[in-house]
Amino acid sequence: MMNEDDAMKGLGVINEHGKRERRTVRLVVALMLFVAVIYAATFIKLPLWLPALK
Amino acid sequence: MTEAIAEVAHDRPPAGILRWLTTTSHKDLGILYMSFGGIMFFIGGAFIMAVRAELLFPGLQWLSPGMYNQLFTLHALIMVFGAIMPFATGLNNYLIPLMIGAPDMALPRVNNWGFWILPFAAILLLIPFFLQFSGIGSGASGLGWVMHNTSLDLQSGIGIDFAIFTIHLLGISSLTGAINVVVTVLNMRAPGMTLMKMPLFVWAWLITAFMLILVIPVFSAAATMLLTDRHFGTHFFDAANGGDPILLQHLIWFFGHPEVYIVLLPAWGLIPHILATFSRKPVFGYRAQVYALWTICFLSFIVWSHHMLTSGLPLAAEVYFMYSTMAISVPTAVLVFCWLGAIWRGAMTFETPMLFALGFVAHFGMGALTGMILPDVAANAQYHNSYVIVSHFHYTFFGGGIFGMMAALYYWLPKFTGRMFDEKLGRLHFWLTVIFFNMTFIPQWFAGLDGMPRHVADFALRFSAMNLISSVGAFLLGLSQLLLVYTVVRCVRGGAKATGQVWEGAQGLEFTLPSPPPYHTFETPPAVK
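As they're listed, the protein sequences go chains A and B. Take the first sequence: its position 50, counting from 1, is numbered 50 in our numbering, and each next residue is one higher. Take the second sequence: its position 439, counting from 1, is numbered 439 in our numbering, and each next residue is one higher.
In short, the hints are calculated from the structure, not lab data. Bear in mind the structure is a predicted one, so any value in this text is a computation, not a measurement. C-beta atoms are modelled at their ideal positions from N, C-alpha and C, and glycine is treated no differently. Certain hints may be false.
Claimed, not checked - Facing chain A, according to a computed beta carbon distance under 7 Å, are these residues of chain B, among others:
hint, residue
1, I17
2, A106
3, A221
Next up, chain A with everything else stripped away, as it sits in the complex:
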């Protein structure tokens, strides 16, 4: 029979797991968006934004 302390501990682990999963998804989406932005920006001549190179 599980006592109240064990139950709360288990709930804490589940919450922590859920939080970690949400953080993972947010981080992956942010990094993928960053990749897409850099890829797109390259087509407008990213490195030539430095005026000294023109």
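Once you have looked at the hints, place chain B on chain A.
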């Protein structure tokens, strides 16, 4: 009952080939990545043996210039993208979760996908080379690893298109791996494993992953632009129609220079651990090394045009790229002094990993020092496109990257396999590699100083002696690497049993586990103090 069977099956990998095809275990994928890197190392090496055979004597010409271009291009692409990078990725896959106390990488299925893209990318790169012998196509790309070696008009056909698709596939694989590393390190560390307690190897890979995420999209976009220029009527790089061929160089080198550090950083991260272990001392200058690695990462993004100093840049840009490149020597020197600080007055012993780590410091040092003179604008005009460059970057990539990977392989091989390798064979492999590596690349330095250009299938008589020594050295260097295969196979099949600690002075969470570590590790996070 069914649950019990499922649990047992989950505790063990499936048997046979299915295990390797479907695995999401970071350890299995680490082994796959490293094995793939090893196989490609020998394929890339075989290509350059043919090139060195052509350069044994002047006037041989058993290879056509076109075939010669294909061979050195494939050698370079395979060694950088097929050998060193996958091997370093294998190390990160196997070691990062063990080092930070995580049960696996954050995205295990993506990890599997990222690996299995690689063999198809390699096949795609190599197919046009072999198809030409059946009269199909004009061979593989011969443009060099940065794709702008010669005018694009000189080569048409499917080879470059295949290389472009390969670059896209490799880019997807690298990006999935890099995102996985960032998420794992930032999100999966055991309680108490703060960022500033992480092993330097994990730091180095975190920084490498950020660099990959920033530069791979640029490389992929440049390759896409090349593809659309070739087949869809755009004129990004076509001067005759208002495009800018120098733009291709800018884009490629904006990727290409950080790529040098992408190859080197994993080695820079693991060398301090090996030096500390065999000196029986803690890692020296931990914080200084972390800050130096970040500084090098930042500087690597703002120095790319030192590869283009002869392309007609404005004077202000030339001066800027000269000084910014030279500034990299400051954090690099911090790293080197920390490595020397680690062994200073240590109780050193010279097992094979330590020999390779010291070999790394010496040879990478030569690569770094020769790299110091190349961004000098006046000197660069002399050295550009000569064998000086070939010698310099091999001291950096082989002396740095490959010596580093060899040191890591010997250091963690007992951890991976649970068995010790034959120390005598390892040491023999080290000394043969050192002797023949220098025999190959020192003569190239002098041939370059004497004016020998690179990327040519023949040379003037006065370069004969240096090329003969270099070619013989290259053949022997290639042969001596077979000893590595023999040593690894012997270790796996019958080496003495390794302890969990493996090396007397080894520190880190991975050495608290048995060798090899069980299929599942750290399901309950370890407590890190």
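I17 of chain B as chain A interface residue, shortest Cβ-Cβ below 7 Å:
I17 of chain B check fails; min Cβ-Cβ to chain A is 30 Å, beyond 7 Å.
Quick check on A221 of chain B please, does its C-beta sit within 7 Å of some C-beta on chain A?
Result: holds, 3 Å to nearest chain A Cβ.
Given hint A106 of chain B near chain A, where the shortest CB pair must fall under 7 Å
holds (5 Å)
When the structure is compared with the earlier hints, a violation turns up for hint 1 alone.
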